[in-house]
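Peer 1: Based on the hints, put chain B in the right spot on chain A.
Read off the chains here:
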Amino acid sequence: MRRGPQQLWPRRTKRRREEGSRGALIAAGSTIIVFGLILWVVLTSAAWPEVQRQFFSWKHFKESFPKVLGGFWLDIQMFIIAEILILTFSLVLAMIRSLRGPAFFPLRAIVITYIDLIRGIPILLLILLMGFGIPALQLQGVPKSEMFWGVTALVISYSAYTAEVYRAGIDSVHESQRMSARSLGLTQTQALRYVIVPQAIRNVIPALLNGFVSLQKDVALVFVLGVREGLREAEIYKAGTFNYTSYVVAAMLFLAISVPVARFTDWYTERDRRRRQVMST
Amino acid sequence: MTRPKLEIHNLSKSFDDKIVLRDVDLTVNSHEVVCLIGSSGSGKSTLLKCINLLVDIDDGEILLDGESITTSSVNPNDVRQRMGIVFQAFNLFPHMTVLENITLSPVKVHGVSRQEAVARARHLLDQFGLAEKIDEYPDRLSGGQQQRVAVIRSLAIQPELMLFDEVTSALDPELVAEVLGVIRGLKNEGMTMIVATHEMGFARDVADQVCFLDAGVILEKGAPKKIFSQPDQPRTRQFLQRIVEAGRL
Chain A
1 MRRGPQQLWP RRTKRRREEG SRGALIAAGS TIIVFGLILW VVLTSAAWPE
51 VQRQFFSWKH FKESFPKVLG GFWLDIQMFI IAEILILTFS LVLAMIRSLR
101 GPAFFPLRAI VITYIDLIRG IPILLLILLM GFGIPALQLQ GVPKSEMFWG
151 VTALVISYSA YTAEVYRAGI DSVHESQRMS ARSLGLTQTQ ALRYVIVPQA
201 IRNVIPALLN GFVSLQKDVA LVFVLGVREG LREAEIYKAG TFNYTSYVVA
251 AMLFLAISVP VARFTDWYTE RDRRRRQVMS T
Chain B
1001 MTRPKLEIHN LSKSFDDKIV LRDVDLTVNS HEVVCLIGSS GSGKSTLLKC
1051 INLLVDIDDG EILLDGESIT TSSVNPNDVR QRMGIVFQAF NLFPHMTVLE
1101 NITLSPVKVH GVSRQEAVAR ARHLLDQFGL AEKIDEYPDR LSGGQQQRVA
1151 VIRSLAIQPE LMLFDEVTSA LDPELVAEVL GVIRGLKNEG MTMIVATHEM
1201 GFARDVADQV CFLDAGVILE KGAPKKIFSQ PDQPRTRQFL QRIVEAGRL
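Order-wise, the sequence lines are chains A and B.
Everything in the first sequence is counted per the numbering used here, starting at 1 for the first residue and increasing by one.
Everything in the second sequence is counted per the numbering used here, starting at 1001 for the first residue and increasing by one.
Don't take each hint at face value.
Derived, one-sided and incomplete: chain A residues facing chain B with beta-carbon distance under 8 Å [stated by the list, open to error]:
no., residue
1, Arg-100
2, Met-179
3, Arg-182
4, Thr-189
5, Tyr-194
6, Pro-198
7, Ile-205
8, Pro-206
9, Asn-210
These stretches of chain B come out as covered by chain A in the derived footprint (C-beta under 8 Å, 3 or more residues) [stated by the list, open to error]:
no., region
10, 1079-1087
11, 1095-1109
12, 1149-1160
It is worth saying that the hints were derived from the structure and are not from the lab.
Heads up, the beta-carbon is just placed ideally off N, CA and C, and yes, glycines get one too.
So that you can see chain A by itself, here it is in the shape it has in the complex (with noise of 0.2 Å):
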């Protein structure tokens, strides 16, 4: 089937495919020139030997590294932790608010009162707010860990935006969809568990993998609360060396996870659009 259109039309795509491969002799020769440039001035200019003393220094980097990644090892559990916990309150969220009919208005006037309140809110305030406030009330039976608590502050604020997220792959399957699923008897929460949400969550898995890289770095806002993750890690070691390399070293760990994940967004974006054109077709 794929090979079809290379016998109707093989001149154009053996042209097509000289044309390729001096594209990709274009880009590498434009890419080594304008890097090469870059470096070059970077590399010769007066300040480059002290900030590679302050930033790059390859003694305090393996000095760092050991702590920073221990530190990191954390801020990839509460990561994990937090996005299970998001992307399970958040659908809830989503699902209440679109419930239709009257009755449900007390449960999706909460909802939207609370996404409203919670995106507001800058997730650095929220996080200080809930890490050193609700342990200093020093209540009964309330756990007083700070890191428990900025974790549950990142949750609290990430599901707000999430459930949008999910919201808008909710609405965006047809509302026949629905009619259907309620024609054959199914009530609403059926028709959203069995009919909308799976098609849904399809539709806005590149958005929800984009909400992983955010949170993926945002995890390290706990760092104000003095939980010791990678960042509060890096900033221990500069307090004591005066040198930003641990600083470095953290931004590399954080871009080892982020950097792959982006890429597989992009990747299955374009896979998923690519199979939707076939469908229409």
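Peer 2: Chain B only, in chain A's frame:
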């Protein structure tokens, strides 16, 4: 005389200012096939959706087996479990296989065991020549096959009444016959049906009663022979004239 399956009295419905149905009266007896004809926008579709309670009515009453289904004490889900509706655009669930589409409602709504539901689905698929499509996803089927699956999906809930909403309008001409064949088959089995259609030849053959809708009013109803050969109303004559000119009758 036996009680009619479905009675509609003085049904009216408007969307905002637009009157879609006005004082509609219709009686459908058991095992009877009623065809609704009329131009697009005449209210055929809305009438079917009112019967299925997918659209709230403004005025009037609908009785199923002599009992009102339009009072507020009636749970719409209970009513919908007793009738099937098939739409113009199939509306199969794209993320489910043919089998899952068919068994969803019997299992989740009617409390039929999965085993029983699957057996019933297999039987219906066999009967309609779709046995080998059981594990396919809808986008792998032709329009005619999808529509037949949609009919089966409705039949799987063992309805007392079937509603068809222009079920062949979205199909390529050569696929229309296979879907109409299914409806003919159901008539022979004695299913009570209300069929909104633009297929006049089909309506003439199959219907026990034909209703001509115009601007939300049932302008004329009667035996197909009467409606198609000697309609009383000039508007009906005009409508049929256009159909004949278009070579569709």
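Peer 1: For every hint, state whether the structure bears it out.
Peer 2: Results of checking the hints against the structure:
no.: 1; hint: Arg-100; in the structure: violated, 12 Å
no.: 2; hint: Met-179; in the structure: holds, 6 Å
no.: 3; hint: Arg-182; in the structure: holds, 6 Å
no.: 4; hint: Thr-189; in the structure: violated, 11 Å
no.: 5; hint: Tyr-194; in the structure: holds, 6 Å
no.: 6; hint: Pro-198; in the structure: holds, 5 Å
no.: 7; hint: Ile-205; in the structure: violated, 13 Å
no.: 8; hint: Pro-206; in the structure: violated, 17 Å
no.: 9; hint: Asn-210; in the structure: violated, 22 Å
no.: 10; hint: 1079-1087; in the structure: holds (count 5)
no.: 11; hint: 1095-1109; in the structure: holds (count 5)
no.: 12; hint: 1149-1160; in the structure: holds (count 3)
Of the numbered hints stated above, those contradicted by the structure are hints 1, 4, 7, 8, 9, listed in ascending order.
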